[in-house]
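Colleague: As a plain string of letters, each chain reads:
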Amino acid sequence: MSVDDAIRFLPELILILAATLIMVCDPLTSTHRKSTLAVLAFVALLAALAATAYSSTDPGKAFFGMIVVDGFATFFRAIVIVVGLLTVLSSNRFLEREGANSGEFYALLLFSISGQSMMAASNELIILFIGLEISSIASYVMAGFLRDDSRANESALKYFLLGSFASAFLLYGIALVYGVTGATNLSDIGSRMQPDSLLGGVAAALMFVGFGFKISGAPFQMWAPDVYQGAPTPVTAFLSAGPKAAAFAVFVRVFTVAFGNIGDRWEPLIWISALLSMTIGNFAALGQTNVKRMLAYSSIAHAGYVLVAITARSESGVAAVMFYLGAYALMNVGAFTVVGHISRKGERYLRVEDLSGLGVRQPLTAAMFSIFLLSFIGVPLTAGFFGKFYIFKAALQSDLIWLTVLGLLNSAVAAYYYLRVLVVMYMQEPGEAVNEVEPLSPALRLSLICSAAGTLILGIFPSGALHFAVKSAVLK
Amino acid sequence: MTLLDALLFLPLAGFALLLFLPRAQSENIRLTALAVSLAVFLGSLGLPFLFETLSTDFVWIESPNIHYHVSLDGISLWLVLLTTVLTPIAILISWRSIQDRIKEYYAFLLLLEFGLIGVFIAQDLFLFYVFWEVSLVPMYFLIGIWGHERRIYAAVKFFLFTMAGSVLMLAAIIYLYNKAETFDYALILQALSTGKLALSAAEQMALFLAFFLAFAIKVPLFPLHTWLPDAHVEAPTAGSVMLAAVMLKMGTYGIIHFCVPMFPRAAHECAPWIVKLAIIGIVYGALVALVQPNMKKLVAYSSVSHLGFVVLGIFSFTQQGMDGAVYQMLNHGISTGALFVLVGFMYERRHSLEIADYGGVAPYAPWLSTVFLITTLASIGLPTLNNFVGEFLVLQGAAIANFKWAVYAALGVILSACYMLWLYQRTFYGEASEVIKHHMPDLTGREWAAMLPLLLLMVWMGTYTKTFLPPISASTARILVGTESSKRIRVAAPRANTLLAKEAADVR
Numbered sequence: 001m002s003v004d005d006a007i008r009f010l011p012e013l014i015l016i017l018a019a020t021l022i023m024v025c026d027p028l029t030s031t032h033r034k035s036t037l038a039v040l041a042f043v044a045l046l047a048a049l050a051a052t053a054y055s056s057t058d059p060g061k062a063f064f065g066m067i068v069v070d071g072f073a074t075f076f077r078a079i080v081i082v083v084g085l086l087t088v089l090s091s092n093r094f095l096e097r098e099g100a101n102s103g104e105f106y107a108l109l110l111f112s113i114s115g116q117s118m119m120a121a122s123n124e125l126i127i128l129f130i131g132l133e134i135s136s137i138a139s140y141v142m143a144g145f146l147r148d149d150s151r152a153n154e155s156a157l158k159y160f161l162l163g164s165f166a167s168a169f170l171l172y173g174i175a176l177v178y179g180v181t182g183a184t185n186l187s188d189i190g191s192r193m194q195p196d197s198l199l200g201g202v203a204a205a206l207m208f209v210g211f212g213f214k215i216s217g218a219p220f221q222m223w224a225p226d227v228y229q230g231a232p233t234p235v236t237a238f239l240s241a242g243p244k245a246a247a248f249a250v251f252v253r254v255f256t257v258a259f260g261n262i263g264d265r266w267e268p269l270i271w272i273s274a275l276l277s278m279t280i281g282n283f284a285a286l287g288q289t290n291v292k293r294m295l296a297y298s299s300i301a302h303a304g305y306v307l308v309a310i311t312a313r314s315e316s317g318v319a320a321v322m323f324y325l326g327a328y329a330l331m332n333v334g335a336f337t338v339v340g341h342i343s344r345k346g347e348r349y350l351r352v353e354d355l356s357g358l359g360v361r362q363p364l365t366a367a368m369f370s371i372f373l374l375s376f377i378g379v380p381l382t383a384g385f386f387g388k389f390y391i392f393k394a395a396l397q398s399d400l401i402w403l404t405v406l407g408l409l410n411s412a413v414a415a416y417y418y419l420r421v422l423v424v425m426y427m428q429e430p431g432e433a434v435n436e437v438e439p440l441s442p443a444l445r446l447s448l449i450c451s452a453a454g455t456l457i458l459g460i461f462p463s464g465a466l467h468f469a470v471k472s473a474v475l476k
Numbered sequence: 001m002t003l004l005d006a007l008l009f010l011p012l013a014g015f016a017l018l019l020f021l022p023r024a025q026s027e028n029i030r031l032t033a034l035a036v037s038l039a040v041f042l043g044s045l046g047l048p049f050l051f052e053t054l055s056t057d058f059v060w061i062e063s064p065n066i067h068y069h070v071s072l073d074g075i076s077l078w079l080v081l082l083t084t085v086l087t088p089i090a091i092l093i094s095w096r097s098i099q100d101r102i103k104e105y106y107a108f109l110l111l112l113e114f115g116l117i118g119v120f121i122a123q124d125l126f127l128f129y130v131f132w133e134v135s136l137v138p139m140y141f142l143i144g145i146w147g148h149e150r151r152i153y154a155a156v157k158f159f160l161f162t163m164a165g166s167v168l169m170l171a172a173i174i175y176l177y178n179k180a181e182t183f184d185y186a187l188i189l190q191a192l193s194t195g196k197l198a199l200s201a202a203e204q205m206a207l208f209l210a211f212f213l214a215f216a217i218k219v220p221l222f223p224l225h226t227w228l229p230d231a232h233v234e235a236p237t238a239g240s241v242m243l244a245a246v247m248l249k250m251g252t253y254g255i256i257h258f259c260v261p262m263f264p265r266a267a268h269e270c271a272p273w274i275v276k277l278a279i280i281g282i283v284y285g286a287l288v289a290l291v292q293p294n295m296k297k298l299v300a301y302s303s304v305s306h307l308g309f310v311v312l313g314i315f316s317f318t319q320q321g322m323d324g325a326v327y328q329m330l331n332h333g334i335s336t337g338a339l340f341v342l343v344g345f346m347y348e349r350r351h352s353l354e355i356a357d358y359g360g361v362a363p364y365a366p367w368l369s370t371v372f373l374i375t376t377l378a379s380i381g382l383p384t385l386n387n388f389v390g391e392f393l394v395l396q397g398a399a400i401a402n403f404k405w406a407v408y409a410a411l412g413v414i415l416s417a418c419y420m421l422w423l424y425q426r427t428f429y430g431e432a433s434e435v436i437k438h439h440m441p442d443l444t445g446r447e448w449a450a451m452l453p454l455l456l457l458m459v460w461m462g463t464y465t466k467t468f469l470p471p472i473s474a475s476t477a478r479i480l481v482g483t484e485s486s487k488r489i490r491v492a493a494p495r496a497n498t499l500l501a502k503e504a505a506d507v508r
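Protein chains in written order, with the numbering used here: chain A, 1 to 476; chain B, 1 to 508.
Hints in this document: simulated from the structure, not taken from any laboratory.
Some clues are possibly wrong.
Mimicking DSBU-like on lysine-lysine, the simulated pairs with C-alpha atoms at most 30 Å apart in a straight line are [said to hold, decoys possible]:
#1 B:Lys179 <-> B:Lys196
#2 B:Lys157 <-> B:Lys297
#3 B:Lys179 <-> A:Lys471
#4 B:Lys404 <-> B:Lys276
#5 A:Lys476 <-> B:Lys196
#6 B:Lys297 <-> B:Lys437
Not close to chain B: a few residues of chain A, all C-beta gaps over 12 Å, as computed [to be verified]:
#7 Gln194
#8 Phe386
#9 Glu436
A virtual CB, placed ideally from N, CA and C, is assigned to each residue, including glycine.
Construct the complete structure from the given sequences, taking the supplied hints into account.
Modeller: Spelled out as structure tokens, the structure:
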């Protein structure tokens with residue numbers, strides 16, 4: 001391992017070492033001082049973020065081309081680490097409230113993020129799979145972290161069983177690819193793949209099953225509502241942003257670099273999946289009464305929008321994927337954080353009606369939730385709007401006119417269920433749930449303000465982030 | 001930074017300022033909102049003298065190439081003024097009627113003003129879309145929080161209708177950008193007219209329909225009008241005023257400023273169908289207004305009828321018709337705005353919108369009755385008052401294009417006299433109930449302050465059109481020349497020749 005290799009792998013190294021350190025310290029910390037471990041995790045994530053920035057100054061490959069540090073990897077590393085930071089901020093108070101604050105949680109979180117970070121930088125199918133498994137196994141445990149809660153148990157078990165199933169499909173795909181091209185390195189696969197390769201197409205389809213599960217794209221979305229609903233809310237926030245962004249990162253990289261020249265074979269698959277995800281997600285969300293379940297369906301729909309950009313098969317499509325996932329991570333973590341804050345001990349208050357009158361009782365929380373919701377709808381001056389704009393711009397450039405029209409109509413349908421939350425927050429009298437809600441803790445407040453500010457900044461001055469995305473969208 | 005930018009961002013600054021004022025100081029909040037809106041109004045008085053010189057253009061986002069580009073023409077000039085006149089009035093009439101969550105209320109009114117001014121001055125299609133959507137949000141909250149019983153239903157319906165239309169417009173805007181590589185309206189128009197940006201007939205038709213649908217929902221054109229009565233009836237008075245007087249004009253402005261100049265061929269092809277819908281709207285709106293038991297609903301349906309005239313005028317493709325359409329946009333803003341203000345005054349006194357709950361008001365509130373009568377007469381198009389000019393020009397234009405259109409549309413004028421006068425008769429004459437006798441005080445000073453500017457404008461616009469028409473005519477003439485010249489290009493093509501001849505025969 002040369003120094004260059006180490007620097008390009010530094011974020012993962014920091015995260016893994018910090019996670020191990022937290023595991024070691026956990027038994028030595030008394031129960032009511034577990035927050036120190038949260039601080040440790042926070043600092044480690046900051047260090048990893050700095051390392052990400054540092055390693056990006058010298059882009060290139062490491063470990064014989066297994067890891068690649070380019071703009072794309074840096075962008076997604078930054079997303080998953082920021083999601084981690086926001087999760088640490090929002091979960092500390094939550095875990096204290098549920099009496100489950102322990103170092104284990106933060107260690108699992110860091111392991112999971114290290115896996116995702118590895119996925120973002122992987123340039124090789126085996127590393128990709130290892131990263132995916134590190135991320136997944138840690139997140140299976142996190143989904144069931146509240147051991148005494150039957151919903152969390154159900155959630156974890158479902159996530160684990162279906163997740164392993166999907167991983168198997170992914171492995172089948174990897175095996176086939178190796179059979180066809182004799183390589184696991186993405187660039188090598190790309191250069192050896194014959195455009196008319198039937199087996200290559202089958203491999204792409206199998207790998208799409210695996211990725212489709214991780215990104216909760218239809219028709220592999222079944223697990224998402226149950227898992228998201230049952231998992232502790234900060235974990236749901238994390239699951240719907242971090243692992244999803246990382247899975248999209250590898251999805252895009254594999255399908256662009258390795259399967260770039262059999263694009264005609266897989267494009268119809270993703271076209272259908274994009275349309276199904278948007279439609280199923282939005283229409284199912286219309287009827288939900290549980291906020292977490294509603295946001296789960298909404299996250300399926302948003303995966304559909306991102307799939308539209310992948311269907312475009314262009315550099316501007318890749319840039320749109322990056323921008324959208326950055327925006328989506330911020331608003332989604334923010335929205336779930338608010339839900340976790342309102343739900344209170346034992347997550348009793350999770351119905352949409354339980355938010356009624358929040359605008360009167362806690363104007364700041366409600367205002368920030370509104371920003372996230374308007375961003376989900378895609379109202380201008382929020383990040384979500386520019387995200388959708390870039391996606392559909394890329395789609396139209398690739399002549400995907402019908403997909404664009406159907407996608408945009410879908411986003412009009414989606415406005416209905418997001419508006420319902422705005423309605424109860426501002427237009428109804430405060431109910432039992434909101435009347436006794438505790439004030440925002442400083443950490444929660446910081447987490448929410450960061451997400452909201454990020455959502456607005458990306459919505460008003462998107463140039464910087466977009467410029468970076470466009471520059472990094474050239475995948476080789 | 002020109003006067004125009006200052007006028008645009010002053011309401012936004014006021015919005016931010018209000019958010020930081022302490023909730024308890026309700027009087028200060030009202031005064032601040034009023035002061036900001038009055039400052040905007042006073043500033044906007046300079047616009048008629050300067051409007052051709054005001055233009056700002058700088059890059060907002062580099063890639064895609066999005067500019068902050070704002071300027072005025074003879075049409076948007078008056079629409080901006082309409083907005084700046086009506087916002088202080090909307091604030092004045094809310095002074096006593098809104099007692100709940102005052103801070104947010106006035107903040108949203110100022111945000112609405114920001115969005116509306118932005119819509120009328122944006123010269124970059126992307127910027128236009130941004131303002132178009134931004135103006136939606138405060139109105140949604142105004143209806144949903146401070147409205148009447150079925151406010152939530154109305155607010156959501158309003159939002160979804162507009163949203164459904166505007167997403168297709170967004171698709172069309174992106175499509176145009178991918179072709180033209182600019183969002184700048186003037187550049188796109190230039191590229192289209194010089195043929196640098198060539199659209200096939202099918203493309204032009206699809207783009208025209210995508211834009212037109214968004215605008216037609218906002219106008220609203222029959223049969224897309226169903227959100228309007230709900231929104232109007234449920235909105236608080238100021239919401240109804242801004243909605244009727246200004247927001248509906250976003251649709252007609254969009255048609256005349258974007259749809260027709262960019263896609264003249266498609267506009268000409270669709271014109272017969274659109275005119276039919278407009279005429280149906282004129283007659284249908286008037287007939288439905290005739291049978292309404294609820295005052296606000298009556299005025300709302302009368303809006304459907306009046307806006308039909310505007311659409312008819314635009315799609316007559318004559319100088320008179322277009323001038324009349326723009327003039328009618330302003331007239332409708334003033335007279336229907338005034339009607340909603342007055343209905344709001346009556347609601348504050350009697351707490352009812354049902355016509356049956358009134359009667360015999362005239363002796364107890366003589367000034368209120370007089371002002372209501374003048375507004376009624378303006379609304380039905382009495383000569384020397386504003387609506388007459390607009391309706392006359394539209395009918396003249398329609399008659400030039402196709403005489404039958406003018407005949408059918410004139411029915412609307414007659415019917416408007418029926419429903420408005422009947423409304424007046426039922427509310428102000430007859431036997432007064434006990435409640436009316438004791439709870440119908442006359443206009444207060446604040447109410448006079450809200451109504452006087454509107455009355456003044458009704459008379460001014462009805463008697464001295466020279467102030468308003470020349471800039472309008474200059475702009476509409478440019479639009480007409482643009483659409484005609486592209487028609488001439490069609491003459492060159494052999495197949496189109498027969499089409500044109502057929503059309504000319506139709507016109508005759």
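Colleague: Each hint should be assessed against the structure and marked as holding or not.
Modeller: How the hints compare with the structure:
Between the alpha carbons of B:Lys179 and B:Lys196 the distance comes to roughly 10 Å, so the proposed pair stays at or under 30 Å and holds. Restraint check: the Cα-Cα separation between B:Lys157 and B:Lys297 comes to about 16 Å, which is no more than 30 Å; the hinted pair holds. Straight-line distance between C-alpha atoms of B:Lys179 and A:Lys471 comes to about 22 Å, which keeps the hinted pair within the 30 Å bound. A distance of roughly 11 Å separates the Cα atoms of B:Lys404 and B:Lys276; the hinted pair therefore holds under the 30 Å criterion.
The straight-line distance between the Cα atoms of A:Lys476 and B:Lys196 is roughly 36 Å, outside the 30 Å bound, and the hint therefore fails. Annotation: proposed proximity of B:Lys297 to B:Lys437 holds, straight-line Cα distance about 25 Å (limit 30 Å). With a least CB separation of 32 Å from chain B, A:Gln194 remains clear of the 12 Å interface cut-off, as annotated. A Cβ of chain B approaches the Cβ of A:Phe386 within 12 Å, the least distance being about 9 Å, so the stated non-interface status is violated.
At the 12 Å boundary, the C-beta of A:Glu436 stays outside the reach of chain B, the nearest C-beta of that chain being 21 Å off.
The structure shown violates the earlier hints numbered 5, 8.
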